[in-house]
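Working from the sequences, and respecting the hints, build out all of it.
Just so you know, the sequences run in chain order Y and G.
When we follow the numbering used here, the leftmost residue of the first sequence carries the number 710, and every step to the right adds one.
When we follow the numbering used here, the leftmost residue of the second sequence carries the number 710, and every step to the right adds one.
Note that these hints are calculated values from the structure, not bench results.
Backbone N, C-alpha and C define an ideal beta-carbon position, used for all residues, glycine too.
Pairs of lysine-lysine, DSSO-like flavour, derived with a Cα cap of 30 Å: (1) G/K1012 with G/K900; (2) G/K794 with Y/K802; (3) G/K984 with G/K900; (4) G/K794 with Y/K984; (5) Y/K984 with Y/K1043; (6) Y/K1043 with Y/K802; (7) Y/K877 with Y/K1043; (8) Y/K1043 with G/K794; (9) G/K1012 with Y/K1012; (10) G/K802 with G/K1043; (11) G/K794 with G/K1043; (12) Y/K900 with Y/K984; (13) G/K984 with Y/K794; (14) G/K1043 with Y/K794; (15) Y/K794 with G/K802; (16) G/K802 with G/K1106; (17) Y/K794 with G/K794.
The following residues of chain Y were derived to be distant from chain G, with all beta-carbon distances above 10 Å: (18) E758; (19) P769; (20) D805; (21) R810; (22) G838; (23) G876; (24) A882; (25) Y940; (26) H954; (27) A1061.
Protein chains: 2
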Amino acid sequence: MPKLHPLTFISAALACTLVHAADPAKVPPAITDVPSEVGVMVGSPPLPENQVNLRNYASPRFMRWTLAHMSSVFHTERVSRGSGKPTDLPAGKPLDIDALRVDWQGQPTAMAQAFRILGADAFLVLHRGQVVFERYFGDMTPTTLHATNSCTKSFVGTLAATLANEGKLDLNAPASRYVPELASSALGPAKIRDLLDMRANFRFGDDVHQAGSLQVGALQAYGVLPRPPNYTGPDGSIAMMLAAHPTTEHGVGPMRYDNGSAEALGWVLSRVTGKSVPDLISERLWQPMGAEQDADFLLDSRKAPIAAFGLQANARDLARFGEMIRNQGRVGDKQVVPSAVVSEIRRGGDRAAFAASPDAAVLPGGSYHDMWWFNHDELDSFQCQGQFAQRVWIAPKAEVVIVLLSADPDASRSREPLRLAAFRAIARALTN
Amino acid sequence: MPKLHPLTFISAALACTLVHAADPAKVPPAITDVPSEVGVMVGSPPLPENQVNLRNYASPRFMRWTLAHMSSVFHTERVSRGSGKPTDLPAGKPLDIDALRVDWQGQPTAMAQAFRILGADAFLVLHRGQVVFERYFGDMTPTTLHATNSCTKSFVGTLAATLANEGKLDLNAPASRYVPELASSALGPAKIRDLLDMRANFRFGDDVHQAGSLQVGALQAYGVLPRPPNYTGPDGSIAMMLAAHPTTEHGVGPMRYDNGSAEALGWVLSRVTGKSVPDLISERLWQPMGAEQDADFLLDSRKAPIAAFGLQANARDLARFGEMIRNQGRVGDKQVVPSAVVSEIRRGGDRAAFAASPDAAVLPGGSYHDMWWFNHDELDSFQCQGQFAQRVWIAPKAEVVIVLLSADPDASRSREPLRLAAFRAIARALTN
Chain Y
710 MPKLHPLTFI
720 SAALACTLVH
730 AADPAKVPPA
740 ITDVPSEVGV
750 MVGSPPLPEN
760 QVNLRNYASP
770 RFMRWTLAHM
780 SSVFHTERVS
790 RGSGKPTDLP
800 AGKPLDIDAL
810 RVDWQGQPTA
820 MAQAFRILGA
830 DAFLVLHRGQ
840 VVFERYFGDM
850 TPTTLHATNS
860 CTKSFVGTLA
870 ATLANEGKLD
880 LNAPASRYVP
890 ELASSALGPA
900 KIRDLLDMRA
910 NFRFGDDVHQ
920 AGSLQVGALQ
930 AYGVLPRPPN
940 YTGPDGSIAM
950 MLAAHPTTEH
960 GVGPMRYDNG
970 SAEALGWVLS
980 RVTGKSVPDL
990 ISERLWQPMG
1000 AEQDADFLLD
1010 SRKAPIAAFG
1020 LQANARDLAR
1030 FGEMIRNQGR
1040 VGDKQVVPSA
1050 VVSEIRRGGD
1060 RAAFAASPDA
1070 AVLPGGSYHD
1080 MWWFNHDELD
1090 SFQCQGQFAQ
1100 RVWIAPKAEV
1110 VIVLLSADPD
1120 ASRSREPLRL
1130 AAFRAIARAL
1140 TN
Chain G
710 MPKLHPLTFI
720 SAALACTLVH
730 AADPAKVPPA
740 ITDVPSEVGV
750 MVGSPPLPEN
760 QVNLRNYASP
770 RFMRWTLAHM
780 SSVFHTERVS
790 RGSGKPTDLP
800 AGKPLDIDAL
810 RVDWQGQPTA
820 MAQAFRILGA
830 DAFLVLHRGQ
840 VVFERYFGDM
850 TPTTLHATNS
860 CTKSFVGTLA
870 ATLANEGKLD
880 LNAPASRYVP
890 ELASSALGPA
900 KIRDLLDMRA
910 NFRFGDDVHQ
920 AGSLQVGALQ
930 AYGVLPRPPN
940 YTGPDGSIAM
950 MLAAHPTTEH
960 GVGPMRYDNG
970 SAEALGWVLS
980 RVTGKSVPDL
990 ISERLWQPMG
1000 AEQDADFLLD
1010 SRKAPIAAFG
1020 LQANARDLAR
1030 FGEMIRNQGR
1040 VGDKQVVPSA
1050 VVSEIRRGGD
1060 RAAFAASPDA
1070 AVLPGGSYHD
1080 MWWFNHDELD
1090 SFQCQGQFAQ
1100 RVWIAPKAEV
1110 VIVLLSADPD
1120 ASRSREPLRL
1130 AAFRAIARAL
1140 TN
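Given below as structure tokens:
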């Protein structure tokens, strides 16, 4: 692969800020080198130049390994699956994926090639709750936990929508009602619904949401990049939230995607329930849906769970989560999330606000609601999205759920048309 | 609890060096304060004085929390359970543990009191493979991963004995046959059987096995304590192994317990199989025995798995492991470890070499073999042992397995008589 400066990758690292209007010449390719084949962390001990650490993990050479070994580089907390038997993920009639072609840059492209272009680490397709395709690439296995990055936000959004449904969270209340400390921050007056729909307006961290910026400051503040010796920036996500600067009024203007909204929601959820976000995911989602593995959750420098991008999970449990949402909150006979919550999520968001945002260039006609991304297409499809192209794509009208875990560092999401074309081609093949 | 200098605890932290001939007045009590009740890591955010980090975790105030949150403080790697259904851990006729008394310091002591004296975090009893008692203390739950510390060694020993049984490891070969780099180290000429039985003689790390020393140097070398700014010591366990100093001939003299032997075995296992110790535990033990949770494995500063004390697991999966060993390597119809390997382990070790060691004061009449501790009592009992009093105690003649996870910082093991008396009273009650 071409040599890129590590900072090119840091820009696309853990947080999920968009870089808009990408110059195609500057779009980094997906990472397809297999870590074990190029020597990364191979051997006992690995050669010094092959050892990953907090200083070098964001380099193109090490990032694919890191996405699949987060707890070896960062500090994490468990998301327990409980003690029971995992729910079945039954096998269905295998999908002949090799028969499918998708259009990419004017060329009919085989799926195997598409997986390569997209830097796929794992690809799993459920149709009517049955596994019709499951493939792992490089060193990935069915049990490898992979960073989901900002897919985490959709878990946070689903939890918040559930608490609202239970009457424990007032969507019209300002965040400061639940977290009084936020009164002095630009985040304080933001309504819960503004946070959920990315309609809060503020500046979070030093440079975290300046489109195209390197995000180094924010990642140092989170503690997921080393800090310089005389670092004086914020220590952890709470410090960043408290220092959020006001910009314009909340709840108006374009949808504006920002980690700060998810962090504030995570803080609110913790105060409302007295439980951490990873514990809430465990109790309300992971355990009742019958996950087969514990997940992991990234901690910041103060050991606060990073609500904006903390979750690591395997493809099969992410598929269970997507299938539960597709199935109106049910897993078998068990209602894990109230059906009304899923219906509310599936209403989607304000399409005009989305059209006015730079994200409309990537998802034209889309919207954002309850921390999910909506395509408003003929399949009613919607998804979670995480940096390096993590996706759980749900297409209710095709009864399809697709999990894609990948190592695509392109923060401009210039390969989104190929991803969506692949998802849709599979949905079409399964419904024909 | 009385205030103790943090270094008192560091001495008893993760590694398992013995402190002999303890002065009873200096024996620290078990930690019984419940972290969540005394504010440790409570709140979002916790008060600054309640936040655990790499500098303060070894203090009496924070150590109990840390034993149950290792991946939040250190770097870890997963030990995968695989994707299948966990094996059953069926409930048996409940043991009336409150009816039992054990003698401690001349007083009949109720079990509830014994648990408190021993700083129990979890206590689980299997009789004929059925759970007859299972209790968690403080913040512990059935799914909490707890440091097993040097219980890890018995996993390493079991793996090595299995590879020897398969002809992949020659017990009479020197370690340097498998790891040529060790030729220049005092560990190189040690035979595999000397390492397995703690009959290798050398000095490991700066001060790691000087009885009663603070071990700060070794823990800094592992990277599990912060290093001073001008630190020039070894970086990681491999560097410590390479720097091991010769003392006397291997294979003679008293049994001499040392982390270095386990580290060397871990290195040998990795070279023989091409797999890391955590991956070997997953493939050969955790997956086939049907664990219900992934375990975690501690990494050193170079991200090498710490074979001497790296494993964290929940009590229920440790019980499955113990029951598999008690059952001659079988779980249900599946032979997980060859029966001959368990028989070889159960032969026990050289009792004269053990009698000549300081450990004989704690386990009189005992021995050490294949990284397990033997009591040579009427129950044929043996156990793994980890610092802060982690135990999996197996009593074949009583068909009993007991898991004790605890927070007892007494490196002199002065409360061992109470622990063993409790185990034996339970075995007696179950077999009467």
